[in-house]
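Residue numbers (our numbering), protein chains in the order written: chain F, 1 to 170; chain S, 1 to 777.
Don't read these hints as lab results, they were simulated from the structure. None of these values were measured; they are calculated from a predicted model. Among these hints, one or two may not hold up.
Once the Cα atoms are required to be at most 20 Å apart in a straight line, the calculated SDA-like pairs of lysine to any residue come out as [to be verified]:
no.: 1; chain 1: F; residue 1: K100; chain 2: S; residue 2: K71
no.: 2; chain 1: F; residue 1: K62; chain 2: S; residue 2: K79
no.: 3; chain 1: S; residue 1: K151; chain 2: F; residue 2: D156
no.: 4; chain 1: S; residue 1: K71; chain 2: F; residue 2: A34
no.: 5; chain 1: F; residue 1: K62; chain 2: S; residue 2: D523
no.: 6; chain 1: S; residue 1: K466; chain 2: F; residue 2: K100
no.: 7; chain 1: F; residue 1: K100; chain 2: S; residue 2: K79
no.: 8; chain 1: S; residue 1: K151; chain 2: F; residue 2: W30
no.: 9; chain 1: F; residue 1: K100; chain 2: S; residue 2: D524
no.: 10; chain 1: S; residue 1: K79; chain 2: F; residue 2: A26
no.: 11; chain 1: S; residue 1: K120; chain 2: F; residue 2: D156
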Amino acid sequence: VKRAHWLLLALFAMACAVPAACPAQAVCPWMNAATAGGFLGGDVDAAVTGVTPDGDATCDFKLGAASGSTLRIAVHTMAHTQQEFPGYLAQCASGAVALKGIGNEAVRCLAGSGASKGSELIIGRVRERVFVITIRAEWIGRPPTSPTKTRNPMSDDSENVAEQVAGSLF
Amino acid sequence: MQQKDHCTKSKAERILRIAQDSIVVRAGYSLLVVTLSVASVIAFLPKTKIQAHSDETATQQKLVDQDTARKQYSEHVAKSYNFAFGPGNISLPGNGAVVGNTFLQPDTFPTADYCGKCHKEAYHQWRQSLHSNSFRTPFYRTSVNILMRTKGIEFARHCDSCHNPVAVLGGGLTQASVVDRGFDQDGLTCTTCHSVQKVDSTNGNGSYVMGVPAVMVDEKGTRIPGMVPDAEILAHLDRHSKAVMQPLYRTPEFCSACHKANLPNPLNGYKFIRAFTAYDEWQNSKFSQRNPLTFYQADFTSCQGCHMKRSAAGLAEPGSKNGTFASHRWAAGNTAVPFYYGFDEQLAKTIEFLKSGNYLNVDLFAIRKANDDHMIAPLGSTAFDLKAGETIQVMTVIQNKNIGHSLIPEVRDLYEGWVEFSATDSTGKVIYHSGFIKADGKLDERAHSFTNRPVDTTGGFVDNHKVWTIHSVAYDNTVQAGRSTLIRYEFQIPADAKGTISITAKVNYRHLRQSYLNNIFGDDHPAYPIVELASRTRTLNIGDNPVTKPEPNDNADWMRWNNLGISYLDQLQYSEAIDAFSHVVKLRPDYADGYTNIGLTNIEWEKYESARGGLEKALELAPNNARALYYLALVERRAGHSEAEVADLQKVIAQYPQSRDARRELGISYYQQRRPQDAMEQFEALQAIDPDDLAAHYNLALLYRRMGLKDKAKEQSAMFVTKKVDPGAPTYSLDFLRKHPEISIESVPWHVHTNMPHTENGEIDTSAAKAVAGGTR
């Protein structure tokens, strides 16, 4: 009985410790899973990693395994904006399109190298915080479906995602 | 016999058979005829009768489907929703409400893209407007994000009841939201405004009642939820119109749902504070024709009359009537949003709007020389001389002439409207400059600006529109509709000045103040537009100045004096006000309001008997003049002439049933006459016009209690307590003013802008001396 008592206490202590061991942040600060799912076209798995005391983090949203469509939102705080921001922009292959009305500044492009090569990128900043949005989806590059879009007609939905992220960073 | 019997029988049988056959045939024939007749009747019945049944069935089915889907959605959202402000309450601290009072799926709102397929011009205008960008802009997000981060997202329901109703009613404003926010970029989409079924009150904070969006009604007028095929709309345009248009949308009360805001206790944990009241300002203006006490009169003009002016549609627009379409740009003062998004057309239209309409009048009215009480006025109509080396005070009157609300309205802690005054000599050298933009883009701290300074409990300025921390307002230099303000600029003409001195006063506007733009973007943002709303320049000769011709936009001299009088009145300078109004009646002896103004000033000065003469003279000229009657009633009250007082006020209300002032005063009169029922009626009518009136709350609390209506009395009493000014709040303002001498001067109704060092006990005020250096270029 005494041993069982200790066992119970140990189990209780473990149960208490479990939440503390879990990632500090389970919810993406800049976009919820429902919105990411709405963008990618179905229910998504969400993961938040690399959370820093500054509130920087990376959110990964993944549509069902069969589709392969993913959305990644990475936010970093720059110590020296003027010097560091061009480095982020360098992830673009040529042909980056400047986006009006997203953060302080933003561009849309296709990733030029690395694992995300060919993915759609939107890179921008709000003050000293840079956001890099990586979209991998089979519909990238298709023309917009809506006839009434007035801004950059290349990828309005992606811009909407970027706007959500930048809006949360203001 | 048998044979005969047989024959008879056979014959009878035959006859019977024939008869039977005949009956069958006839019956058959008849049946056929009837069938064919019925068929032919049915065939020629109007088709709608048949369709009615199927329509009704289809509508019922859609309603059932929508209800079922909504119930499921609502239950799903409710599981994780933070009902912080009471079970079942989805929008507090905002006032947004929805038919059915449960969460409404965001996708029940047909998208703007859907509407834009046919309404191309409306879509084009709306996309660039403030309404479509009501949520997503950095200018809004910066403030609301602070609220979410510091107090919690649930508090943002207060702001988003107007800025993002789809999110609030959809249950998106909660921790761990399960709502897809893809709709955010459309802000107030077409079907938010066009689904509002009624305005619950004129309390604001989103006091609308949203219906389940519908773009069609069935033939019985039942709203059919959701989208329908285009062909169906095109086949029944009248039913489309019934679903999306209501007479309510054309009323100012519709706008009041959001263009009026308060800070309720659940938001600030303090007390009710009225934030802004564009609707009330309009109602008190001459354009509403509901207020007998305005200084000037005008034709009725609603909010939509100015902000939704009709013009030719450039694109296809089925909503056009006679070739014109009511603007869905809602052009007003916001240049920041179109500038940020690159909506050049909207920016141009906004600037055009701000400069049009003869909204403001700038009058370089008079000059006063140092150590001389004589006022040279009105400039242009009076000859005078000027000498080099003289110190002069230029008395500038800014009239809010044709704006239906205050200058500047609403969020005046973020907006920046100010007077830029300059004096230059004949070589172009600036002698004096006030209201300039500094190198860092910020406005000269000593500018006369039409802004305010809300403060918190530390006496600090409430930056970033953190309205939930506001406890007091240190100053508010707004100019209400129809009123004027006098601004004094003092400077010394250089001793060596020759030729002419040019003086210019401009009213400038920037959306938004530089320090807020810096908070949003950091310091490295482009310069946001500054728009000159109105200006006036006069050239003064060193030497003799003859009378000159007025410019086309100049007011007539009687009106210039009148505006000066109004300014003096608002600056509590009663003797000077009476002098100015006396000039008015001298120039316009037929102008009843001139005499009323003298009476009104005497009342403000508490010289009630002196007021009588002016008011009676006004009534002699205009026997039923409501404005004069109203003020005379106040004089009669003071004199103890209760019956005359009531009679005058009744006449005012007969002409202006929505006059809040007359209702309030008549309520008080009845109360004093011990006529509780009559008093109650007046205060209830007043409350229907202005739900915040303190006198109504206070008196109704007393009256209801006496009538035994304890619950209603308690309710009124509670509202009085929360709405009345916290007597401790002004101390926060004093803290702020002590720390900010430049604003402290602005908070005094009567003040002078100068580059002359102030002296006190013979010592030079160093802060003023600094201003000399910074203020003169």
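Verification of the supplied hints:
1. A threshold of 20 Å between alpha carbons decides the hint, and for K100/F with K71/S the separation of about 40 Å lies outside it, so the pair is violated.
2. A distance of roughly 24 Å separates the Cα atoms of K62/F and K79/S; the hinted pair therefore is violated under the 20 Å criterion.
3. Only pairs whose Cα atoms come within 20 Å are accepted, and K151/S paired with D156/F is rejected, the gap being roughly 33 Å.
4. For the given pair, K71/S sits about 19 Å from A34/F by alpha-carbon distance, which is consistent with the 20 Å threshold.
5. A hinted pair counts as satisfied when its Cα atoms are at most 20 Å apart, and K62/F with D523/S does not qualify at roughly 37 Å.
6. Distance restraint check for K466/S and K100/F: the Cα-Cα separation of roughly 27 Å exceeds the 20 Å cut-off, and the hinted pair is therefore not satisfied.
7. Of the supplied pair hints, the one linking K100/F and K79/S is violated, its CA atoms being roughly 38 Å apart against a limit of 20 Å.
8. For a cut-off of 20 Å, the pair hint linking K151/S to W30/F stands: about 17 Å separates their Cα positions.
9. A hinted pair counts as satisfied when its Cα atoms are at most 20 Å apart, and K100/F with D524/S qualifies at roughly 16 Å.
10. Distance restraint check for K79/S and A26/F: the Cα-Cα separation of roughly 18 Å lies within the 20 Å cut-off, and the hinted pair is therefore satisfied.
11. For the proposed pair K120/S and D156/F, the alpha carbon gap of about 18 Å is at most 20 Å, so the pair holds.
Consistency with the previously given hints fails for numbers 1, 2, 3, 5, 6 and 7, ordered from lowest to highest.
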